[in-house]
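Trainee: Let the hints inform the model, and build the full structure from the sequences given.
There are 2 protein chains.
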Amino acid sequence: MVQTMSVLEFNIEDALVEVAKRGAETIGISLPTGLKRRIFDFVHPFEEIGCKVVVSGKPCHGGCDIDVELLERVDVLVHVGHSKVVPVENVIYIEPRSNVDVKGCVEESVKHLKGSRIALTTILQYVHKIDEVVSILKNKGFELLVSSGDTRISHKGQVLGCNFSAVDKACDEVLYVGEGGFHPLGIALATGKRVVVADPYFGVRVIDTQETEKLIRKRYGMIWKSMDAETFGIIHCTKVGQTRPKVVNHIHNLCERYGKKCIVI
Amino acid sequence: MVQTMSVLEFNIEDALVEVAKRGAETIGISLPTGLKRRIFDFVHPFEEIGCKVVVSGKPCHGGCDIDVELLERVDVLVHVGHSKVVPVENVIYIEPRSNVDVKGCVEESVKHLKGSRIALTTILQYVHKIDEVVSILKNKGFELLVSSGDTRISHKGQVLGCNFSAVDKACDEVLYVGEGGFHPLGIALATGKRVVVADPYFGVRVIDTQETEKLIRKRYGMIWKSMDAETFGIIHCTKVGQTRPKVVNHIHNLCERYGKKCIVI
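Protein chains in written order, with our numbering: chain A, 1 to 265; chain B, 1 to 265.
FYI, nobody ran anything at the bench for these hints, they're computed from the structure. Only a predicted model underlies this, so the values are computations on that prediction, with no experimental measurement involved. There is no bait here: all hints are sound.
No copy labels: a pair is met if it fits in one copy or bridges any two.
Computed list of lysine to aspartate or glutamate pairs in EDC-like fashion (alpha-carbon distance at most 20 Å, straight line):
1) 52 <-> 256
2) 246 <-> 256
3) 260 <-> 228
4) 52 <-> 75
5) 239 <-> 72
Mentor: Okay, structure coming up:
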């Protein structure tokens, strides 16, 4: 069964099979805010196979953002809308796939490519379109680089907001297929490459080094400003996929070394 | 050592002694948003006796609102600004006491009292003023009722936003000493009595049955409106002092009995 939700499709059937195979009686469902209005489409299939379902009320900002409190109270936690980032027992994923056509914006984007070796990247919703995009670009004479990324990356060419390991740095420039500015800006910052964005909703735009330099200058400005401060708070995220205690300790030590008051929050 | 923060005083010394007695090395500090700007006043005394301190970044809406995640990572959790509501191991409390004078507003409030048997109530900040208030009212010829409340109540005459067990219902009416409308409105709703509010900041006001009836009518209006709904979400709070799984199950069963779609969040 493939459930259609506007343009995002979800393969709920595989998750149902997996839940049944594990003999799970109570399941939790966790999903990003944008999908919460359609929650019954995810809850009912599991109730129909006899599961007791509890929905997470917490915000969910990625595959690394696991509701561990809910996980403790259920047999299986079904995480909708993202792919696996960190291995956590008893969590299964229902990934989204967009059925929006990307051919038009990809062909449009070709006009903006200046190099010949192109690293192809996208977000989870479009990973199944990678082959189609490769074929379009090969026909136009480009050399395509599509990399696997590290262990946090589930699909070839996939980027996360925090992870651009699937961008092959041997490229001349990067083509990003997908919506939004957050991911391609991250690619530009992480790689220093020019990024051409093929956005099926808002068309093609280019992120060049001028744009990233402006952002970096802003960030340095903020850091410069903070140097006058006498008291610092360090926010320590405790989410399973986002916690970085060593970095917190390092910053704490830096503060103390420079005689700043400091607390960990 | 009594630390003065504007008009709220905190006996940090007792907590320091308690922490030292338990040999706690790492402590967590949890406090309501209104006190967060003064966090260093609470952190430093504990750092000075050699503790490693982590501050809770979660909102904290009462003595029942324990940051259990932080509690798991520290030896002792110091909860600032509230009194104990539910017994949780390794949590100690630093209660606030207001040094604002209440004599003026209490004397003013006497003019608005109609009955002779008065139940005296207040919030944590003013519990140390109870004897003074009793003496003022006795001199004016009133009979005073000051009750202990149930196990969630730490001080005689104290009310919480959710607990009015320390209001003796044998009274003619209630005198509430303290700021805010939330607590006295709760008293009026819970007891059906007329409540005279002696507010040291905004003066005296009276909450009569007209006001509570209006609110109850509004609530019934919301319930009436919801009866057309086909889908219901039940928000299940999992905080240690606020979780009520039996009520959740009861509402869930009610929804199903009346053929409504329903999810627990």
